[in-house]
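Colleague: Chain by chain, the residues run as shown.
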Amino acid sequence: MVERQSPIELAPLEPELRIGSHGDFEHGIDVILSETRPGSILQLAAWPGQEKKLISGIRTVTGLALPDGAGAGSTDGVRSVFGFAPGKFTVVDEAEGLASAFANVVTPDIGTVTDLSHGRTAIRIAGPKAEWVLAKLFAIDFALPAFPVGAGRSTMHHDVFAQIQRTGADQFDVYVFRSFARSFWKALCHASEEVGYEVQ
Amino acid sequence: MLITCPYCGPRDVIEFTYQGDGNRERPQPASQDLDAWNAYVYDRLNPAGDHNEIWQHSGGCRAHLRVVRNTLTHDISSVAFARGDHKAAARHKAEGKS
Ligand SMILES: [Zn+2]
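Chain order of the listed sequences is A and B. Per the numbering used here, residue 14 is the first one in the first sequence, and the count goes up by one each step. Per the numbering used here, residue -6 is the first one in the second sequence, and the count goes up by one each step.
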């Protein structure tokens, strides 16, 4: 999310985002939760037959090469990309302004660029129990062989749509609608209580 | 019941929305053939066995899918993108189990 302009405007999670250790942390902290607040979150879609051009455009702008296959993706820690549907990709950058960088690359004959920077909240869960906690919320396979690093998944939690990218062996970034983010964050905190969690 | 989305892989049926009988053929919008419209709206094969259906992976990749589901057993024998040009995006083959 873009940095807030004034102290009055709270980030969507802020009333519920309590920095520190929570739950059963006395026996160790097994997950770390944070809001990554990327400057740019985009959705790119290719017209039929234009997917390869879109993928090469993503490489031109972000420097990230998309591996073959449904839901494949990659990250360099600053920028991330993954497929979330046939011919459609989520592209994220720590910096603002990614949409204008794509303006001259993804031309109207190739596909569309939709700026969702203000419409999604990015929540990171990291640590040895990240898979365990997420498996309580989402009915998908989080094991590393089924969900490799860089890959993305489209799924939902209680009818709230979510996109999940694995950005490390034990780290996941979850993108949820900003208006549902606080509710999802609370559910994630509750699910993390038993393993001990720290909010950063 | 699991449906193996060609893009997302096996997912619980809760992620999908039933979009209706896949055997129907919609008349042209300008058609004034009342029998054809009547058949489109009301006539159903209602088989006790394999049935062609349209589903949407609404809680996932949102693709529309052609599914063959057995109405007696819920076995799903085939899942494919409704849009032919999505074929290249397929990763998962339909599995015979549900
Ligand atoms: Zn799908």
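The hints are simulated quantities; they were obtained by calculation from the structure and are not laboratory data. One or more hints might be untrue.
Keeping only pairs whose Cα atoms sit at most 25 Å apart, straight-line, the calculated SDA-like set for lysine to any residue is [claimed, not checked]:
no. : chain 1 : residue 1 : chain 2 : residue 2
1   : A       : Lys65     : B       : Thr10
2   : A       : Lys149    : B       : Val6
3   : A       : Lys66     : A       : Ala148
4   : A       : Lys66     : A       : Glu109
5   : A       : Lys199    : A       : Asp154
6   : A       : Lys65     : B       : His57
7   : A       : Lys199    : B       : His57
8   : A       : Lys66     : A       : Asp154
9   : A       : Lys149    : B       : Asp5
10  : A       : Lys65     : B       : Asn16
11  : A       : Lys66     : B       : Gly77
12  : A       : Lys149    : B       : Arg76
13  : A       : Lys149    : B       : Pro3
14  : A       : Lys149    : B       : Arg55
15  : A       : Lys65     : B       : Ala75
16  : A       : Lys65     : B       : Gly77
17  : A       : Lys66     : B       : Ala75
18  : A       : Lys199    : A       : Pro158
19  : A       : Lys149    : B       : Leu(-5)
20  : A       : Lys149    : B       : Thr10
21  : A       : Lys149    : B       : Ile7
22  : A       : Lys66     : B       : Arg55
23  : A       : Lys66     : B       : Arg76
24  : A       : Lys149    : B       : Thr(-3)
25  : A       : Lys149    : B       : Phe9
26  : A       : Lys199    : A       : Glu29
27  : A       : Lys149    : B       : Gly2
28  : A       : Lys66     : B       : Thr10
29  : A       : Lys65     : B       : Trp30
On a predicted model such as this, the values are computed, not experimentally measured, just so you know.
Colleague: All the hints need checking, so say for each whether the structure fits it.
Modeller: Hint check results:
1. A/Lys65 to B/Thr10: The given pair, whose Cα atoms are some 30 Å apart, is violated under the 25 Å limit.
2. A/Lys149 to B/Val6: Holds, at about 17 Å.
3. A/Lys66 to A/Ala148: 35 Å, violated
4. A/Lys66 to A/Glu109: 24 Å, holds
5. A/Lys199 to A/Asp154: Answer holds: A/Lys199 to A/Asp154 is near 22 Å, not above 25 Å.
6. A/Lys65 to B/His57: 22 Å, holds
7. A/Lys199 to B/His57: 32 Å, violated
8. A/Lys66 to A/Asp154: 31 Å, violated
9. A/Lys149 to B/Asp5: With Cα atoms ~14 Å apart, A/Lys149 and B/Asp5 stay inside 25 Å; holds.
10. A/Lys65 to B/Asn16: 33 Å, violated
11. A/Lys66 to B/Gly77: 19 Å, holds
12. A/Lys149 to B/Arg76: 33 Å, violated
13. A/Lys149 to B/Pro3: Judged against 25 Å, a Cα distance of about 17 Å means the pair holds.
14. A/Lys149 to B/Arg55: Judged against 25 Å, a Cα distance of about 23 Å means the pair holds.
15. A/Lys65 to B/Ala75: This hinted pair holds, its Cα atoms lying about 21 Å apart.
16. A/Lys65 to B/Gly77: 17 Å, holds
17. A/Lys66 to B/Ala75: 23 Å, holds
18. A/Lys199 to A/Pro158: 29 Å, violated
19. A/Lys149 to B/Leu(-5): With a Cα-Cα distance of about 18 Å, the restraint between A/Lys149 and B/Leu(-5) holds, given a limit of 25 Å.
20. A/Lys149 to B/Thr10: 23 Å, holds
21. A/Lys149 to B/Ile7: 16 Å, holds
22. A/Lys66 to B/Arg55: This hinted pair holds, its Cα atoms lying about 22 Å apart.
23. A/Lys66 to B/Arg76: 20 Å, holds
24. A/Lys149 to B/Thr(-3): 21 Å, holds
25. A/Lys149 to B/Phe9: 20 Å, holds
26. A/Lys199 to A/Glu29: 7 Å, holds
27. A/Lys149 to B/Gly2: Satisfied, since the Cα-Cα distance of roughly 19 Å is no more than 25 Å.
28. A/Lys66 to B/Thr10: 32 Å, violated
29. A/Lys65 to B/Trp30: 41 Å, violated
Hint violations for this structure: numbers 1, 3, 7, 8, 10, 12, 18, 28 and 29, all remaining hints satisfied.
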